[in-house]
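Okay, here's what each chain looks like letter by letter:
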Amino acid sequence: MILRLLIVMLFLSSNAYSASPVVVGQKDKAFTVETINIKVGDKVRFKNEDPFFHNVFSLSDTAFFDLGSFPKGEHRDITFDKAGVIDVECAIHPSMKMTINVKE
Amino acid sequence: MRVILISMLFSFPMQCLANNYVFEAGHASLQEWLLPDEVPSPKSNPQTQQKIALGKQLFFDNRLSGNKGMSCASCHSPDKGWADNLPTAIGNKGKVLGRASPTIMNTGFNDIQMWDGRSPTLEDQALGPLESDVEMHTDMAELLLFLNNSAYTPIFNRVFPSKGVSKETMAQAIAAFERTLVSNNSPFDQWVKGDSGALTQNQINGFKLFVDSEKGNCAVCHSAPNFTDNGFHNLGLASFGQEKPDVGRYAKVPIKLMKGAFKTPTIRDITLSAPYFHDGSASTLDKVMVHYIKGGEVKTNLSPNLKVLSLTNKETSDIIAFMQSLTTPPEPFNLPVLPL
Ligand SMILES: [Cu+2]
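Residue numbers (the working numbering), protein chains in the order written: chain G, 1 to 104; chain H, 105 to 444.
Hints listed in this document are in silico derivations from the structure and should not be mistaken for laboratory results. Small disclaimer: the values here were computed from a predicted structure and weren't measured. Just so it is clear, CB atoms sit at the ideal spot from N, CA and C, and this is done for glycine as well. All the pointers check out, no bait thrown in.
With beta-carbon atoms standing in for the labels, derived distance ranges:
{"no.": "1", "chain 1": "H", "residue 1": "D237", "chain 2": "G", "residue 2": "A19", "range": "52 to 58 Å"}
{"no.": "2", "chain 1": "G", "residue 1": "V22", "chain 2": "H", "residue 2": "N123", "range": "29 to 35 Å"}
{"no.": "3", "chain 1": "H", "residue 1": "P440", "chain 2": "G", "residue 2": "R45", "range": "53 to 59 Å"}
{"no.": "4", "chain 1": "G", "residue 1": "F64", "chain 2": "H", "residue 2": "L190", "range": "37 to 43 Å"}
{"no.": "5", "chain 1": "H", "residue 1": "A328", "chain 2": "G", "residue 2": "E104", "range": "40 to 46 Å"}
{"no.": "6", "chain 1": "H", "residue 1": "D237", "chain 2": "G", "residue 2": "K97", "range": "32 to 38 Å"}
{"no.": "7", "chain 1": "G", "residue 1": "V22", "chain 2": "H", "residue 2": "K271", "range": "43 to 49 Å"}
{"no.": "8", "chain 1": "G", "residue 1": "E49", "chain 2": "H", "residue 2": "K271", "range": "43 to 49 Å"}
From the derived model, a few chain H residues whose C-beta atoms are all more than 12 Å from chain G:
{"no.": "9", "residue": "L138"}
{"no.": "10", "residue": "V143"}
{"no.": "11", "residue": "Q153"}
{"no.": "12", "residue": "K184"}
{"no.": "13", "residue": "S236"}
{"no.": "14", "residue": "H241"}
{"no.": "15", "residue": "G298"}
{"no.": "16", "residue": "D373"}
{"no.": "17", "residue": "P379"}
{"no.": "18", "residue": "Y380"}
{"no.": "19", "residue": "T432"}
Partner residues are not named here, just some residues of chain H that face chain G (Cβ under 10 Å, in silico):
{"no.": "20", "residue": "D215"}
{"no.": "21", "residue": "V357"}
{"no.": "22", "residue": "P408"}
Bound conformation, chain G alone (with noise of 0.2 Å):
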């Protein structure tokens, strides 16, 4: 039953999407990944892994945006349809750094 109720969880989540997106975490005030290359179109997920609230903005001439703040567990997705570098922060913690390389 458990195990039912697992497999079919899994499956929305994988399936909710038409292309999985790329997961980025927010974890120890830092991202977990330092930069990604990902194309025109592809979705990027930020997935919170830390006890307490982080953002993601962009403030990059690609891409101009601000995620709001989320909690642990929570994650936030956003597409990308311009090609550029993105250079992206979480506005609490100022450290918190990672670049989007998106190719045509």
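Place chain H with the ligand on chain G using the hints.
Relative to chain G, chain H with the ligand alone:
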């Protein structure tokens, strides 16, 4: 079955919230609270004894200011916890400024400077107060002329052989001096190092509450080892409810969350630098606790990491007793002899 699933879901996050400290003097789990032995300094500005001595002279020299009546130490004074014990600073011509002078004790351990984080380094920061009209109001050309025609000149030439007197070398020397201001031998530090008599039972209990996210919830922002996350939070101070409030970090990072957010200050040596908060609104540590227990006065744009606390009076006074254990017993400070 359903019960098992639900309890699985619940037990997982609870476990992760708890820290793994063992509250015994000297325990390995506590060592992350000890500061590194060395204050980090940039490759371009290594510490030397002569440079530190020069920086100390500059820091205390009133002749650096426009009216020759103010030095860095006017607002960051060794006998006032390296701050000024005023609610907010008093600048050039007695003008009351908008923010409190923070302590500069241990600031060399932090990787971002100022309440709003507008300075990345101490070198960058040092020229700000000089050039600010409302602070030291220095005529830089005149100051460089003075430094180049005084007993300072040979000292600069010795410390900076290829550069001599300049704005940059002045800033480097001051930064080098600031990196010697270290508080790392408080009763709390001694307890973490293994002296079981260094803290009272109340203080140990206060530390437990301080790091417990379900109780004091302080360490989420005042984190190891310098009691700061070098991060920015809006604590909902009453002053944020005023018309045209100080927006703090938002001026630098225009993200909604940063409106009214200020940098988490260290609370090492906290007993020496009352009043507290960037606006000087809490005159004592008791008042600081009253603020935190309420979970902030103004609730607009409050930091999501801030909670309303449920603490008994005893628990509150234990947290205060713990904060009082973070002061390194001050040693007599020798003022520098200034070059003529
Ligand atoms: Cu963060």
